[in-house]
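Novice: Each chain is listed here by its residues.
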Amino acid sequence: MDVAAWIALCSPAVAVGLIALAGERMPRRTAGLVAAGATLVSFAASVVCLVALAGRDAEDRSEVSTVWTWLSAGDLNVGLSVLVDPLSVFMMLVVSGVGFLILTYAIGYMAGDAEERRYHAYKALFVFSMLLLVQGGNLLMLLCGWGMVGLSSYLLINFWHARRSAVEAGKKAFIMNAFGDATFALALFILVQHTGSLDFDVVFARAPEALGESSALAILVALGLLGGAAAKSAQIPLHTWLPDAMEGPTPVSALIHAATMVTAGVYLIARTSPLFELAPSISDLAAILGGVTILVAGVIALVQTDIKRVIAYSTMSQIGYMFVAVGLGAYGAGMFHLMTHAFFKALLFMAAGVVIHALAGEQDIRRMGGLAHELPWTYRFFLIGALALAAIPPFAGFFSKDAILASAANSGGLGWTLWSFGAIGAFLTALYTFRLLFVVFRPPMSDFAREHLHKERFEGPLAMMWPVAVLAVLSVVGGFLQVPGLWHEVDDWLGPAAESIEEATGVTAWFSALAALGLALLGIGLAWRLYGRPSEAPARLRARRFTGWFAHAFEQKLWFDRLYDFLFYRPASRLASGLGRYVEKPLFLTTLTDLGASVRGLSGRVAAAQTGVVRGYALMLAIGLAVLTVVFLLVS
Amino acid sequence: MAGPGIAAYLIVSVILFAIGAFGVLIRRSPLIVLLALEIMLNSGNLALLAFSRHAGNEDGQIFALAVMVVAASEAVVGLGLIVAMSRLRADLDVDKLTTLRG
Amino acid sequence: MEETFVWIVWVLAATALFASGLAVVLFHNPFYSALSLIVNLASLAVLFLLLTAEFVAAAQVLVYAGAVVVMFLFVTAYLGGRADAPFAGGRTLQRLAAIVAAAAIAVEVVVVIVLAAGDRLNEVPEVPESFGSPASIGTLFLSDHLLAFEVTSIILLVAAVGGVILGSTVPPHHHPPSRGER
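Residue numbers (the numbering used here), protein chains in the order written: chain A, 7 to 642; chain U, -7 to 94; chain V, 17 to 198.
Keep in mind the hints are simulated off the structure, nothing from the lab.
Heads up, the beta-carbon is just placed ideally off N, CA and C, and yes, glycines get one too.
Don't take every hint at face value.
Stated by the list, open to error - Label pairs and their calculated CB-CB ranges:
(1) GLY178(V) to GLY(-3)(U): 57 to 65 Å
(2) PRO141(V) to ALA615(A): 46 to 54 Å
(3) GLY(-3)(U) to VAL605(A): 22 to 30 Å
(4) GLY154(V) to ALA615(A): 44 to 52 Å
(5) LEU109(V) to GLY48(U): 45 to 53 Å
(6) LEU173(V) to LEU89(U): 38 to 46 Å
(7) ARG611(A) to GLY48(U): 52 to 60 Å
(8) GLY96(V) to LEU627(A): 26 to 34 Å
(9) SER149(V) to LEU631(A): 29 to 37 Å
(10) ILE171(V) to ARG611(A): 40 to 48 Å
(11) ARG611(A) to GLY(-3)(U): 48 to 56 Å
As the list claims (entries may be wrong) - A few chain A residues that don't get close to chain V, going by computed Cβ distances all over 10 Å:
(12) LEU24
(13) VAL57
(14) ARG62
(15) TRP76
(16) GLY80
(17) ASN83
(18) ILE362
(19) ALA378
(20) ILE398
(21) PHE566
(22) LEU573
(23) ALA582
(24) VAL589
(25) PHE594
(26) LEU601
(27) ALA614
The task is simple: from the sequences and hints, build the whole structure.
Specialist: In structure tokens, the structure reads:
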């Protein structure tokens, strides 16, 4: 099983190496096949690990395999190690499985691009980094994977580096993630200092004594971890990078910014749950952040006009649900939602990618319309994804979201507040999702689409369509893995790693489920009314005038970007230019140039003494002689 | 020794040296400068001979002869330079001959 | 008697020395300067004789007055009018400084001689008859100071060659016809 785990981790790395070293000698399509093939190998190895783990008793399902001691300083020993336990295998399966599907899709999507091989290499690098993150056997390995996924994300966001907007989006993402990395690292420092180790079991065992319950130290550690998680998962207030990250190619958005990287924060909280349980206030804070994000992202998504940005804000919102879950202690529900979300969000992104591909790169939904007739299968897949996202049974999203809401209902006052956030969120989710669906796919067909639509024999290349189909199937059946009230496969599986809280049962559970479902259907209905029928234009206008100010605020993304620009960017750039003008230039530059100039001046003046007039020299001689004679006289 | 003492000869030598130095420093014609230079050399010779008489040693006289040889050679070369300069139509003014400088 | 005679000769020679020296330095006409140099050299020869350096005195007259000054006169004649350079002029500071420097040197050394070494210079030993005679000088040249003797002859040779080269005009370089040309 250890061997399988290492194979799972290293096969994408081998792919990166192969593609990078082969360079132009490898045909383009082969590069994509190598990357996707390596991910498939990882998936197979993960399945092997799953089977091996399942064969063991529940208490025995955790194994760390260390290859080499990397860091050895005094008592601290950190090794290159890999952890195989229920939680990591769960994530491995999601990452490599969905990753394989998306990489295959990308072969078709990126075919013909000028730098296709680089893209596949970066994708493989990302898969490797994400696997390192989830398989890391100690906190340092996790941090390494954490940093590397940030790097891969940066590389892939500004893949089309000639575009200025893409470059700036990449920088923004990386810098915000770096902030999270810093707080994460600070938490690790405290842990090293007080527990003397970075291995999971050692830290978790020593933490209650070393840090204390709800002490300042425990709060600091949890806060640092939360900072990293919030930055990586784009929660309020560190969320502004995610919409801009849509500058990357669509498969990148699907893989990194929907299915895997942004869920790393959720994984982190689940993995370090013992530490969060030592600081309940921070756990609650995580849940509150998630709840706020559900609402904020939901309303902003209502007014977005870029197809990918709508889905991006939706991602933000759904991760908010996951944060609510893990913040309240319902780790199983949170991870379950992570899995189903990976399915239907990747599906949505990829279907959107088919649309974008068919319209030769257009992403503005105001120019789309009536595509259902031309792209029927894409429409059906998108519909399945939308239904799953809106949490309509029997699609996957219903079960996972319901699990979260049920757990929230069982968590006291805070829980009920968050439940209400989640319920309103369900309404908003349905509204913006079906707005998107109706505007893009319902007739009439827009003029733009009529001119620019082009498709091959089928709606898109085959390499693009079949992964989408697979994900659609998963979105339908994936939810049955855990049905609240009936069976809790996910909770049980993850139990040894992260003990989940009890869900509500009985009347509360039914109430929660039905209320959420009702709100979702209400949202769909409202969307139909406003956007589904073209003749309803007056209704749309009426709604618009009423919500005019709100709409403006939402379009401005609630002014978060402006705030950060004012708080951080302007002072920093002013400081930099001020230092440059008042410190560096006068102190360093001018000193050097003045030094050179003064030496030159001095030597010029000395050189003037060389006149070439012999009489002058002779005079100097005579004067010198006179002086010397006096000196000799005095000395002797 | 009859006549004034050695000190007198030395004083004469020094005054002659000063006259020669004054001439070198003040004249602008290279020819005259060479003449003044000869006067300076001769004053040195006088001092040498005075000390040689004072010490009763003839080495001073040998030295004076050597100095004379050197002065003659130097006069030859200096005059040759002046002749060459005049052939090149250079201005025979010490103040104008200033190319030897850094 | 002899003492007085020597003193008179000495005073006369010294006066002539100073006068001709100043004449050399102050005359505008270079011809007159050269002629004054002859007088200078002659009075020096007298002083040399008073210091019992007969050979050196003779050599002085022969070499200096006979050869070097003649050379000067030849060159002056060759240069003609161009030998007359303007008197001093130029920088006033230079003139003033020159006077001061020369005077300073003279005064200082006089002070030295009078103050520091006044007494010791009064003891003059007796010398044999042959002191300063050509025979003894010649003996010294060929025994103790043979190296100086040889080196001075080389110096003269070098100076002669140098003088010839400096004074001659270089003929234009004549290119021999190269192989291929006709």
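Novice: Evaluate each hint against the coordinates.
Specialist: Structure-based check of each hint:
no.	hint	in the structure
1	GLY178(V) to GLY(-3)(U): 57 to 65 Å	violated, 42 Å
2	PRO141(V) to ALA615(A): 46 to 54 Å	holds, 49 Å
3	GLY(-3)(U) to VAL605(A): 22 to 30 Å	violated, 58 Å
4	GLY154(V) to ALA615(A): 44 to 52 Å	holds, 49 Å
5	LEU109(V) to GLY48(U): 45 to 53 Å	holds, 47 Å
6	LEU173(V) to LEU89(U): 38 to 46 Å	violated, 28 Å
7	ARG611(A) to GLY48(U): 52 to 60 Å	holds, 55 Å
8	GLY96(V) to LEU627(A): 26 to 34 Å	holds, 32 Å
9	SER149(V) to LEU631(A): 29 to 37 Å	holds, 35 Å
10	ILE171(V) to ARG611(A): 40 to 48 Å	holds, 41 Å
11	ARG611(A) to GLY(-3)(U): 48 to 56 Å	holds, 51 Å
12	LEU24	holds, 69 Å
13	VAL57	holds, 97 Å
14	ARG62	holds, 102 Å
15	TRP76	holds, 80 Å
16	GLY80	holds, 80 Å
17	ASN83	holds, 85 Å
18	ILE362	holds, 81 Å
19	ALA378	holds, 95 Å
20	ILE398	holds, 105 Å
21	PHE566	holds, 81 Å
22	LEU573	holds, 72 Å
23	ALA582	holds, 58 Å
24	VAL589	holds, 50 Å
25	PHE594	holds, 45 Å
26	LEU601	holds, 35 Å
27	ALA614	holds, 15 Å
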